[in-house]
Structure formats: C-alpha cells, structure tokens
Amino acid sequence: MSMLARTPLYDLHRELGAKFVAFAGYEMPLHYPSGILAEHRWCRGKAALFDVSHMGQIALRGAEAASALERLVPGDILGLPSGRARYTLFTDETGGILDDLIVTNAEDHLFLVVNAARKAEDLEHLRRHLEPRCRVEPIADRVLLALQGPAAAEVLARLAPRCLELRFMHAAEFEVGGVLCRVSRTGYTGEDGFEISAPAEAARDLARALLAAEEVRPAGLGARDTLRLEAGLCLYGHDIDRTTSPVEAGLGWTIGKRRRERGDFPGAERILRELREGPARRLVGLRPDGRAPARAGAAILADGRPVGRVTSGGYGPTVDAPIALGYVPASLASPGTRVELAVRGRSEPACVVPLPFVPHRYVR
Amino acid sequence: MTIYYTKEHEWIRVEGGIATVGISEHAQEQLGDVVYVELPEVGREVAAGEPVAVVESVKAASDVYSPVSGRIVDVNRAIADNPALVNEDAEGAAWFFRIELADPSELGGLMNADAYREYLSTLS
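Heads up: the protein sequence lines correspond to chains A and B, in order. According to the working numbering, the first sequence is numbered sequentially starting from 5. According to the working numbering, the second sequence is numbered sequentially starting from 1444.
Hints listed in this document are in silico derivations from the structure and should not be mistaken for laboratory results. There could be a bad hint or two in this list.
Said to hold, decoys possible - DSS-like cross-link-like pairs, simulated, lysine-lysine; straight-line CA separation at most 25 angstroms: (1) B:Lys1502 to A:Lys50; (2) B:Lys1502 to A:Lys23; (3) B:Lys1502 to B:Lys1450; (4) B:Lys1502 to A:Lys261; (5) A:Lys23 to A:Lys50.
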C-alpha cells in the first residue's frame, strides 16, 4: 500500500471527526460528521473552512518572471497589476490544457497555485521552460486554507481587518491573527471568500481561530466538489485535460487581448482558430428532467445517437436536482436544446442550460 | 421475526412468505447523504443476487441486490419521494421493496444479526 501524504492539519481533521479519502496522493477530509449536504448548505448560507493544502504553491522569482511565464500560458501576465490574481491555463502545443492555475502578482514575485494532482508535472514543466530566466521555487512549508461563504469577509475581518480592502481576484500580504499570510479574495465555490496561504507551523492555530467563529464550520472535498459544480467551475482531469481546448471548455475569456493578437502561447494555432470560427464542441450545463443523477462518463445522446459525454455530474444540493457538465457538438450547445443522458441503460431526457447553475456571489 | 443480512449490506425480514428488503445502517452510514432512490417495478420476477434497486448519495451510486428470488409485490414510494429517509431510518421506515419468496431455503445462506456484526468487524 502506498503511503498517502498528510497536510499539517491532519490531526485537527481527525479531532473534528473527518471521514478521509485518498485524493491526489493525499489523505484529505471527504466530509465531517454533519455530511456533505449540510457542509454544502452551510457554505452557501454562512461560511465553510476548507483545508486545500494539498494544492501546489509555487513562487516564480526574477525580473523576467512574467514574460517567462507567458511562454506557457495564454493569459496576460505582464499586464497583471500588483496585488491582483488571474485564472489561467498551462496549454500544450496542440491547444490542450495541462493544468489550470491562479497566478498572483505578489510584487517581488509571481505566486502560483496549481492542482494537487498536477503539481509535480507543473513544476517540471516550469523548470524545463523557464529556468534559468527565472527561479522556480516550490513552497512546501505553507498551508492553504479556503474560507468561503457569505459570512467569510465578516469573520476574517475580525482577525484581519485589511481583508475588507480586497475585492474579488485581489490579493495582499497581511497579518491574520498575528501571523503574516498571503490572502486573496478567490475561491472554488461561487461564493464570496478568501484563500489564505499561511506558514505550516501557524496552520493549526489559524484554523482553530477561524473555526471558533459561530458562522464557520469545516467542510471537506465532497462539498468542495458539489459547490464548484453548481458554480460551473471546471475540475482538471474531468472537465478539462489535454484533450480539451480552452475555447471548447468555455475558457476563451482567459486569453488576453494582447496574447490573441500576438498568438505567442502554446497551442495558439488551434486556440485562435477556435476563437475565430468557433470550436467543434462545447462544454455545457445539463439538467436532467428527472431525479436520476448522470455521473461522469455517462453518454450524451441526441436522437438516440451518442454525441458526447458527461464530464462531471451529480446532485446539486442548492439546485435540489441533478446537474451535470459535458461536451456536446457546437450545434447542440445552445441553452434549451434537448438531449438524453444514458443512465444505467436508459435514456433520461435532459436540457442544455446556461452556466453557472447557481449564480456567483463574488464581491467585485 | 428474524432479520437476515447479506455481504452487500442489504437486510431482509420475512413474514408469512413475504420478505421486506432494505439497506443496513452500516450501508447508509458508508453512503452518506442519500439523494436519489430508484425502485423496481411491482410484479417483476427477480433472481437472488440480481440488482433491483439503486441508491445514490452525493458521493456515488450503488446497486441494491435482491437477497432472494421471487416476485416484487410492493415498493416504498416514501423513500423515492424523500431519499433522506434512508439515512434517518435505514432498517425501519426506509425499506426498499417487498418480495414474495420463491424458495425459502435461500434464506439459509444469509447472515443473522450476530454474524453480520462479525462480518462488519472484518471489513475495517
């Protein structure tokens, strides 16, 4: 049996009664005793605390860091102001997606947060292409906490009043409960909230201080997945991967204007063509008419013929109905289009719907 | 009235040639929040070990197998309308279906409560 890594908050999760799951080589909380539904609803109503320390944190240092990173992503990094964060993608030469990430301009360096399952590959990719133009430094001695929900700002402000200065996709370094942290107003739930990068040795006290607020309860990866799915946010390895392009995935908005004009990023040929002419298929939201959830891998049918696959699917607790994401031919991608989903050998009627399933409530 | 269990975590109670089947307390705990239940059609003939119902939690979908052969004579619409009942009362009000036994000798191959408890202890 292979050994699973643990985050510095593992003991706290145990104390809180977490049920664990193996995820990307880590033993992570799937849910706590209240269960996924309660954690999901608590996040939408108040605030949930997630340990996402399994994600990769990386610093890029050097005067040329931004221009160097632009060789690997189609996002505008040179134009990213200090104190701002941006969602972007590592693309490959065929226009596929190697990972999605958040890049923050942290003044004297770029701060990257990448997916746990991709961090080793991402680091290698960065080193191979960016060194020695800039230094690639994995940050292994810090945790990442996500405080998400409508009460997040009020709670965090008690420990760090400066968090109220941040707007959605803004970031800064300041003390949270006396510990210097890197805080961004970002998240993966569709709710307002913050992600806090803190020194590992302060993790436990910080998590306890946040959980001490009556508005805050811990939530695990189970609720993280249902929340992001309702928010229409892609999960790497499911909704996006090397076989899907940014335009197909509805992520064309991440490609900067200057980058489009210059076409100087991996996969530009395909990606620019798809921006011009439209992609052959698109990632869409799907709502089954009935109550049976369609899970990842289920075939999408039109007039009885397979036309695509569900990439994420399940029960949406806030929608109180099954919801799914999947790829369909562009001709079937308009909201209102009728399709069927193959569930246990039956064809369940479903409808293409606009994303997100639950409106975002970011503070802009 | 004796209650039997299967290795797939169904329970079965037999009364006058009719068996009532559901999923065990252990099964509901493992599944977590149940959000969808699919029940068989009344009148369907099923064989022992055949998947006849589906229970889905937020996490995953699981088949529910018939522990015995026979004809489905009743299904519990209450859990289709309110799947959370499976979490609240798995071995009581949240029964899945009733089946007319074709061969009562099949019950001999099932576990009683003590044997099931012992079986569960070998799983963790």
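Going through the hints against the structure:
1. B:Lys1502 to A:Lys50: Roughly 23 angstroms between the alpha carbons, so the hint for B:Lys1502 and A:Lys50 holds.
2. B:Lys1502 to A:Lys23: holds, 13 angstroms
3. B:Lys1502 to B:Lys1450: holds, 21 angstroms
4. B:Lys1502 to A:Lys261: violated, 40 angstroms
5. A:Lys23 to A:Lys50: holds, 22 angstroms
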